[in-house]
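Number of protein chains: 2
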Amino acid sequence: MTDNRLASRDSFVERDAADPLASRRDGFHLPGGVIYLDGNSLGALPKRTAARVGAMIEHEWGEGLVRSWNTHDWIGAPARLGAKIAPLIGAAPDEVIVADSTSVNLFKLVCGALGLRPDRRVILSEPGNFPTDLYVLQGVGALLGGRVELRLRSRDELADAIDEQTAAVVLTHVHYKTAERWPMAEITARAHQRGALAVWDLSHTAGALALDLHAVGADLALGCGYKYLNGGPGAPSFVYVAKRWQEALVSPLSGWMGHAAPFDFVDDFEPTASIRRQLCGTPGMLGLAALEAGIDTFAGVDMVALEAKGMALGDAFIALVEARCGFSELMLASPRDAARRGSHVSFRHPDGYAIMQALIARGVIGDFRAPDTLRFGLTPLYLRFTDVWDAVETLRDVLASGEYRDPRFARRAAVT
Amino acid sequence: MTDNRLASRDSFVERDAADPLASRRDGFHLPGGVIYLDGNSLGALPKRTAARVGAMIEHEWGEGLVRSWNTHDWIGAPARLGAKIAPLIGAAPDEVIVADSTSVNLFKLVCGALGLRPDRRVILSEPGNFPTDLYVLQGVGALLGGRVELRLRSRDELADAIDEQTAAVVLTHVHYKTAERWPMAEITARAHQRGALAVWDLSHTAGALALDLHAVGADLALGCGYKYLNGGPGAPSFVYVAKRWQEALVSPLSGWMGHAAPFDFVDDFEPTASIRRQLCGTPGMLGLAALEAGIDTFAGVDMVALEAKGMALGDAFIALVEARCGFSELMLASPRDAARRGSHVSFRHPDGYAIMQALIARGVIGDFRAPDTLRFGLTPLYLRFTDVWDAVETLRDVLASGEYRDPRFARRAAVT
Numbered sequence: 001m002t003d004n005r006l007a008s009r010d011s012f013v014e015r016d017a018a019d020p021l022a023s024r025r026d027g028f029h030l031p032g033g034v035i036y037l038d039g040n041s042l043g044a045l046p047k048r049t050a051a052r053v054g055a056m057i058e059h060e061w062g063e064g065l066v067r068s069w070n071t072h073d074w075i076g077a078p079a080r081l082g083a084k085i086a087p088l089i090g091a092a093p094d095e096v097i098v099a100d101s102t103s104v105n106l107f108k109l110v111c112g113a114l115g116l117r118p119d120r121r122v123i124l125s126e127p128g129n130f131p132t133d134l135y136v137l138q139g140v141g142a143l144l145g146g147r148v149e150l151r152l153r154s155r156d157e158l159a160d161a162i163d164e165q166t167a168a169v170v171l172t173h174v175h176y177k178t179a180e181r182w183p184m185a186e187i188t189a190r191a192h193q194r195g196a197l198a199v200w201d202l203s204h205t206a207g208a209l210a211l212d213l214h215a216v217g218a219d220l221a222l223g224c225g226y227k228y229l230n231g232g233p234g235a236p237s238f239v240y241v242a243k244r245w246q247e248a249l250v251s252p253l254s255g256w257m258g259h260a261a262p263f264d265f266v267d268d269f270e271p272t273a274s275i276r277r278q279l280c281g282t283p284g285m286l287g288l289a290a291l292e293a294g295i296d297t298f299a300g301v302d303m304v305a306l307e308a309k310g311m312a313l314g315d316a317f318i319a320l321v322e323a324r325c326g327f328s329e330l331m332l333a334s335p336r337d338a339a340r341r342g343s344h345v346s347f348r349h350p351d352g353y354a355i356m357q358a359l360i361a362r363g364v365i366g367d368f369r370a371p372d373t374l375r376f377g378l379t380p381l382y383l384r385f386t387d388v389w390d391a392v393e394t395l396r397d398v399l400a401s402g403e404y405r406d407p408r409f410a411r412r413a414a415v416t
Numbered sequence: 001m002t003d004n005r006l007a008s009r010d011s012f013v014e015r016d017a018a019d020p021l022a023s024r025r026d027g028f029h030l031p032g033g034v035i036y037l038d039g040n041s042l043g044a045l046p047k048r049t050a051a052r053v054g055a056m057i058e059h060e061w062g063e064g065l066v067r068s069w070n071t072h073d074w075i076g077a078p079a080r081l082g083a084k085i086a087p088l089i090g091a092a093p094d095e096v097i098v099a100d101s102t103s104v105n106l107f108k109l110v111c112g113a114l115g116l117r118p119d120r121r122v123i124l125s126e127p128g129n130f131p132t133d134l135y136v137l138q139g140v141g142a143l144l145g146g147r148v149e150l151r152l153r154s155r156d157e158l159a160d161a162i163d164e165q166t167a168a169v170v171l172t173h174v175h176y177k178t179a180e181r182w183p184m185a186e187i188t189a190r191a192h193q194r195g196a197l198a199v200w201d202l203s204h205t206a207g208a209l210a211l212d213l214h215a216v217g218a219d220l221a222l223g224c225g226y227k228y229l230n231g232g233p234g235a236p237s238f239v240y241v242a243k244r245w246q247e248a249l250v251s252p253l254s255g256w257m258g259h260a261a262p263f264d265f266v267d268d269f270e271p272t273a274s275i276r277r278q279l280c281g282t283p284g285m286l287g288l289a290a291l292e293a294g295i296d297t298f299a300g301v302d303m304v305a306l307e308a309k310g311m312a313l314g315d316a317f318i319a320l321v322e323a324r325c326g327f328s329e330l331m332l333a334s335p336r337d338a339a340r341r342g343s344h345v346s347f348r349h350p351d352g353y354a355i356m357q358a359l360i361a362r363g364v365i366g367d368f369r370a371p372d373t374l375r376f377g378l379t380p381l382y383l384r385f386t387d388v389w390d391a392v393e394t395l396r397d398v399l400a401s402g403e404y405r406d407p408r409f410a411r412r413a414a415v416t
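From first to last, the protein sequence lines stand for chains A and B. Per the numbering used here, residue 1 is the first one in the first sequence, and the count goes up by one each step. Per the numbering used here, residue 1 is the first one in the second sequence, and the count goes up by one each step.
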């Protein structure tokens, strides 16, 4: 991007005019006075969601009552939503299902992977992985005792650390803080060479990047419904199990919805052979209805084009910050190379917390991640190039004016 | 109840007129032409639910976006709802929290109970317990291998089977099929005498019976949000952990919401000391909003009076069926003594499936449980005595006319 293009808002207006995805923004409710750069924490509200959930409540539940499990195919919703997520991540429709939370699903997949590698005890991950991923792995270790050893290795050491003791490598494809991508194909291939499985957390990937789990040879994966999939606060999570593992992978959470015949009400658990085995309890229908409305915002979207737009937004954000906020102490904390970056951009600053609070007070909503990271999510489905321009201008104002030093933006104590 | 009172609908009209809980029905949307006797499978829709969930979607999510985790205290919802459920089951406000599904919560509590009894390996339950409870116990057994032995003992053998090998007794207080109650205080005391813990599934209890977990000396319990609590299809579940166990009980599902400081984003899991330890992933807010509206239908309800009404409805149902359907092969499958019964009544019939389908076609919605049980839920919060009369009259018509033999009511193959 030339200096000329960074010098005025006009070129950003032009890029919006030329954006083939621009009309997708119309599918979302975006409040006035806000530039929303936190869609990777909680995706924005699709316009269709309220009506969809309202219909489920008033018509399906209120009028249909318990009959709607059949008449409105509530019972089929987890697999139906999975089949809709599948093309977004390069999976087959019968390889994905929606269930529980990402934390619970990670527990299932890791216990399942250990069961597929009974002679191996090492689970390999990285320090600084998203905390709940590490916490769940620690919980598996505490529960299974000597059966499991959790090893954390840094990015430059991890590939070499995959060895014949490794049962599974468990990583988040796009890092929640830095947006750095793991080379998924390379790590998966390395795991397979050593006889290990790879479990990928796609929470910051699904709905933003063009993924092809089949091309990668992925074994097991999971992801979040409430970030780029726009499923609403605490939306249920999705699970991917490659067809070749579906019959062998045992879920430790063997609830009735994973039974071959749940409504026969027999005493003995007999798991279904399908992806439905990853279900546990009764599916939460309101959450599923909202998630379906969120997934439906992707109908007809070319994921390659979507990823390209996200990368262009990120490139523009970085270039603008460096061109216009160069006087500040902001330090880029994400890869400069878009091919190594997810759909958000992070900067570090010693006053990161206060700066983010001051931005939010001005209507530019990003996220802060302790201890010093300002995170800007650049959701390609509903953000404009002019949003990037306007956000960086606001950031420049906040930094130049020093308004972030106002006591009302000071960091509060962490909530326990 | 005298024969005279069973001879005409008038006495039922009088009982409704005298019912101090009668006005509670106004809090629910109940479709015309339907008598809903399946509130113990899916509770009816509270009138306030649609507006509450709509406000969360359009105002809190749509306008507030990610800020609503704080500004609308989404993050506090699981504990807030737990505190509202607590008085319904005789617990302290800080002993109950809402999270995940009943199946997942049972997994947590059973693994936790095993951790509290490291030298014991036996989990004791009954054959014919609700299937997902048994399936989850089998899953714990499969995961932990020789560490666990699942023993199933019938009602008359179970108390004596609690011994020094028993880590935990896991039972459903009110049986999903027969409505038979376990003597909770007696079994819990017996478990404690032998050094074991008792884990109670309250799915068919909470919101229908007057429970006092403290008086019972209960250790751990869980229950369903979508039955008598009216939380909507697949509503989240609740967990009770007696204060004395909260610091010692380890959840195997150690997700970030159970961390002492989840937003510090540190690598090591440090569980909070509070009931919040039973949380795992990010709470599903739409499901929580609907559940809160459901729980709020109990505000100001005297649970002793509520239980008494449910028992009276059940007594009337049994007496009417026996008085007016005596010509049929219906056999009472629930305790005749209301003190030993939950808030539903079941009958067995060789053509049970077809009879229930014929009833549903006539607008009397009950439930069928394989192989031959007709189940009638008698939700005291919104059912009338005249509903009982009208339902039994319809049952009599269906039986007397033989219309249930119509091929359209024949049993379909089980879905796999």
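Mixed in with the good hints there might be a few duds.
Same chains, same names: a pair is fine if it fits in one copy or spans any two.
Here are the computed lysine to any residue pairs in the SDA-like style, where the Cα-Cα straight-line distance is at most 25 Å [said to hold, decoys possible]:
#, residue 1, residue 2
1, LYS47, GLU270
2, LYS47, HIS72
3, LYS177, GLU393
4, LYS47, GLU58
5, LYS243, GLY115
6, LYS47, ARG5
7, LYS243, PHE368
8, LYS84, MET311
9, LYS177, ASP264
10, LYS47, ASN70
11, LYS243, THR71
12, LYS177, ASP268
Think of the hints as simulated: they come from the structure by calculation, not from any bench.
Status of the hints after comparison with the structure:
1. Proximity of LYS47 to GLU270 under the C-alpha cut-off of 25 Å is found in neither arrangement, the shortest distances being 41 Å within a copy and 39 Å between copies.
2. For the identical chains of this complex, LYS47 and HIS72 are neighbours both inside a copy (22 Å) and across copies (21 Å), given an alpha-carbon limit of 25 Å.
3. For the identical chains of this complex, LYS177 and GLU393 are intra-copy neighbours only, at 23 Å inside a copy versus 65 Å across copies, given an alpha-carbon limit of 25 Å.
4. In this assembly of identical chains, the alpha carbons of LYS47 and GLU58 lie at most 25 Å apart whether taken from the same copy (18 Å) or from different copies (9 Å).
5. For a Cα distance limit of 25 Å, the shortest separation of LYS243 from GLY115 inside one copy, 17 Å, qualifies, whereas the shortest one across copies, 35 Å, does not.
6. Neither within a single protomer nor between protomers do LYS47 and ARG5 lie at most 25 Å apart by alpha-carbon distance, with minima of 33 Å and 56 Å respectively.
7. Taking CA atoms no more than 25 Å apart as the test, LYS243 paired with PHE368 passes in neither setting, with 39 Å inside one copy and 35 Å between copies.
8. When the C-alpha separation of LYS84 and MET311 is checked against a cutoff of 25 Å, the pair qualifies only within one copy, where the shortest distance is 24 Å, while the shortest distance between copies is 46 Å.
9. In this homomeric assembly, LYS177 and ASP264 come within 25 Å of each other (Cα to Cα) only across copies, at 13 Å, whereas the closest approach inside a single copy is 47 Å.
10. Taking the closest pair of Cα atoms, LYS47 and ASN70 come within 25 Å of each other only across two copies (23 Å); inside a single copy the shortest separation is 27 Å, beyond that limit.
11. Taking the closest pair of Cα atoms, LYS243 and THR71 never come within 25 Å of each other, the shortest separation being 29 Å inside a single copy and 43 Å across copies.
12. With identical chains, the CA atoms of LYS177 and ASP268 are at most 25 Å apart between copies only, with a shortest distance of 17 Å across copies and 44 Å within one.
Comparing the model with each earlier hint shows violations of hints 1, 6, 7 and 11; every other hint is respected.
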